[in-house]
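First to last, the sequence lines map onto chains A and B.
If you read the first sequence in our numbering, its first letter stands for residue 1001, the second for the next number, and so on.
If you read the second sequence in our numbering, its first letter stands for residue 98, the second for the next number, and so on.
Since the hints were made in silico from the structure, they are not lab data.
What you are looking at is a predicted structure, and each value in this text was computed from that prediction instead of being measured.
Among the hints, a few may not be true.
[Said to hold, decoys possible] Capping the alpha-carbon separation at 30 Å, the derived lysine-lysine pairs in DSS-like fashion look like this:
#, chain 1, residue 1, chain 2, residue 2
1, B, Lys150, B, Lys110
2, B, Lys225, B, Lys236
3, A, Lys1349, B, Lys225
4, A, Lys1472, B, Lys117
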Amino acid sequence: MRTARILYHLARADFLERVRRYSFLITLGLTIYFAYICVPPNHAAYVTLQIAGHRGVYGSAYIGSLVAMQTVLILSLLGFYLVKNAVDRDLQTGVGQILAATRLTKPLYAVGKALSNFAVLAVMVAVMALAAGLMQLARHEDMAIHPWELVAPFLFIVMPVMAAVAGVAILFETIPWLRGGLGNVAYFFLWAALGAGAEASASAGNDPLGFGVVIPGIRSACGAAFPGCATSQNFSMGFNFASGKVWDLTTFRWEGVHWTPGIVLGRLLWFGVGLGMAMLAAMFFHRFDLAREVRKKAPAPVSESPEHGVSAARPATHMTLSVLPALPRRARRFSFGAMVRAELRLALKGFSRWWYIVAAILIAGGAVSPLAISRFWLIAAWIWPILIWSAMGTREARQGTGQLIFSTAHPLARQLPACWLAGVIVAVLTGGGSALRLVLAGDGSGLAAWAVGALFIPTLALALGVWSGSRKLFEVIYTLLWYAGPANQVPQLDYMGATGVTSPLVFLTATLLLAAFALMGRQRQIRI
Amino acid sequence: MQLAIEQVSKVYKGNIWALKDFSLEVGPGILGLLGPNGAGKSTLMRILATITKATNGTVTWNGVDTSRSPDGLRAVLGYLPQDFGVYPNLNAVEFLEYLAAAKGLDSQSARRRIDELLAVVNLVEARKRPLGGYSGGMKQRVGIAQALLNDPQLLIVDEPTAGLDPEERLRFRNLLSELAGARIVILSTHIVSDVEACAASIALVSQGQLVTHAAPEVLLRSVEGKVWEWVIPSAELAAIRQRYLTSSAMHRSDGVHVRLVAESPPGAGAIRAMPTLEDAYLYWISNTRRAA
Chain A
1001 MRTARILYHL ARADFLERVR RYSFLITLGL TIYFAYICVP PNHAAYVTLQ IAGHRGVYGS
1061 AYIGSLVAMQ TVLILSLLGF YLVKNAVDRD LQTGVGQILA ATRLTKPLYA VGKALSNFAV
1121 LAVMVAVMAL AAGLMQLARH EDMAIHPWEL VAPFLFIVMP VMAAVAGVAI LFETIPWLRG
1181 GLGNVAYFFL WAALGAGAEA SASAGNDPLG FGVVIPGIRS ACGAAFPGCA TSQNFSMGFN
1241 FASGKVWDLT TFRWEGVHWT PGIVLGRLLW FGVGLGMAML AAMFFHRFDL AREVRKKAPA
1301 PVSESPEHGV SAARPATHMT LSVLPALPRR ARRFSFGAMV RAELRLALKG FSRWWYIVAA
1361 ILIAGGAVSP LAISRFWLIA AWIWPILIWS AMGTREARQG TGQLIFSTAH PLARQLPACW
1421 LAGVIVAVLT GGGSALRLVL AGDGSGLAAW AVGALFIPTL ALALGVWSGS RKLFEVIYTL
1481 LWYAGPANQV PQLDYMGATG VTSPLVFLTA TLLLAAFALM GRQRQIRI
Chain B
98 MQLAIEQVSK VYKGNIWALK DFSLEVGPGI LGLLGPNGAG KSTLMRILAT ITKATNGTVT
158 WNGVDTSRSP DGLRAVLGYL PQDFGVYPNL NAVEFLEYLA AAKGLDSQSA RRRIDELLAV
218 VNLVEARKRP LGGYSGGMKQ RVGIAQALLN DPQLLIVDEP TAGLDPEERL RFRNLLSELA
278 GARIVILSTH IVSDVEACAA SIALVSQGQL VTHAAPEVLL RSVEGKVWEW VIPSAELAAI
338 RQRYLTSSAM HRSDGVHVRL VAESPPGAGA IRAMPTLEDA YLYWISNTRR AA
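The shape of chain A in the complex, shown without the other chains (with noise of 0.2 Å):
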């Protein structure tokens, strides 16, 4: 009873706290918006569920089941960014060490975070439900709405997952090196790598996304409704748009999931991942001693006894005055060289040596292969520095220096431009490799779209950094760009001209609007 009275508090205190921020309004308003596009209308010019040119019609089970997929797909990932920050927000505000010097267990904390976690997604799922069933309406294809048809999927495919996501995200929390952003990326790539097993395996079975308990059935249907059309190839999800047309699909009748008690205890199983996780988090959690990562990660702290080599202070009467001589006027001569010099310096702090050897082979590679191959190291070249670009624009605000730099003289005009200039330069080096091997094969319009992603990803970056303050939202949208646009070749992605198809005069104006976007958002920090 008491131990379920403290989980109680912990995920409701920590719950509250994330739901009454304005930005979690912001976040609501946007789920509405997803199931929105997630039901178009026939003859739009993107579907999100085809199979063989037919889809269901948008009775209660089809809009839940298609709308539950969607939120599924799109939650898992984003939804573990939005709620990995709650271990985070506890050391950040100090709450931490308050609770760590009660009796609270290791367990117990880590499981209350993981409960608050799924509370604050489960909201966002329960958000979308309502308005699957008002798509429903307003699509007025059959107006009929069963409400267990309609929500079951919500709670047999999206809330295990969301159980299982919010203990990743506390566990993600407590391994030091998955932390921070790296451990944004790899959760990318996990994501990704189970959305494609998912997709591929979405035959039949209880796979972690849920898809395999549905798209059988709607295959089936579509295949009894349509005999002979090829329902196991020609199956698309996600937002498929059509090129240069709309789609015209004819629709058939599907009554949705069987919901059985083994599916329904297969589903269930997702929840006991999400606990098992979370007291996988336990045995990692630090319970607020950092000390215990000092040793490996931070510096170690500085003792001012002697014995440390750091003299005493000098006693205070002894002291003697006029130590500090005046500064002559000459000196007050700004550099902008000496600032982007020590942008450059900050930015590139903090990386093991083994940053820097990956960084030059992948420089050496590039420079070394033929050109086609070339273009790879250029992709592997530029998602090396994620860590160093998404730091950009937020360092004021996430190291509290916010105050000392927008009090000196001209920080729009001297600061950000070096910070900028020094993101382009950490761009330019990486990718030397692939430029110097485009210089010698006098690839020029391939040199002109290698400059405008130098260009673009830092002004990405500072953009996105500046505006939210946390690095995680440029971690996020920049490894799905690079995922989507270079290394899968969707063409209007590309903003580093792997594909050779789009113009980099897109990506040059995309640049010049983020820079006019990053100043923006510069100017309105600098006078609240």
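Model the placement of chain B on the given structure of chain A, informed by the hints.
Positioned in the frame of chain A, the structure of chain B alone reads:
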């Protein structure tokens, strides 16, 4: 060299007035800004440091409105905020070099200045160690050093002695006194002894308003004849505290030695005492609260 604050107000969301019609003229020397927690001192400091915009009113530096042209003041400003951070992977020299570049100091002068400042704040030996390993007091000293980097004409220090040990606190007070000559130093604190030690004038702030602005001796004169020391039985202490403005109470073998502020003798045996700034502070602040 003059800083003028005219009718400055700051309203936060929810119609919360952090400052209300605050006016003050400040010339060279140390101004101690004294007030209880939440009085609006830090808001005023942030407005003066051009970090925050006032809702109403103007701040002028040598006649120039700092809200419209902040960079004129920023070039000669040294600011130590109450809460500030450092970059944990940089050492003290690198961090100060970074801020020197942002403040527009040329590299050679910056290096020399940083050496001088690290000596002044007693961090020479720890200069090459990452700031992430510094104690709170050492970080505070780095903060003091950065505020002095550009030899500021206006030095604003908000709760500067927080986290410093007594010896370092004394060193800092001496440093401030030495620096005050031809520049304006605004020292915001709720620690009366910090102001007592070095301020040429004191501005008392309460509930977002200026209570009074005067030299320390004027403030002391305002409570002359109103401070009493009185020995009472310990059982009466709670009642005395309720009735009078008590600045201290110490248990001794003959009873409790109470120091209090009252217009007339509180009782038989009460002896008139020499007032301190702490007595004056309590008197003025409690009068304002009562009036509100």
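Hints and how they fare:
no. : hint                   : verdict
1   : Lys150(B) / Lys110(B)  : holds (14 Å)
2   : Lys225(B) / Lys236(B)  : holds (14 Å)
3   : Lys1349(A) / Lys225(B) : holds (14 Å)
4   : Lys1472(A) / Lys117(B) : violated (39 Å)
Consistency with the previously given hints fails for number 4 only.
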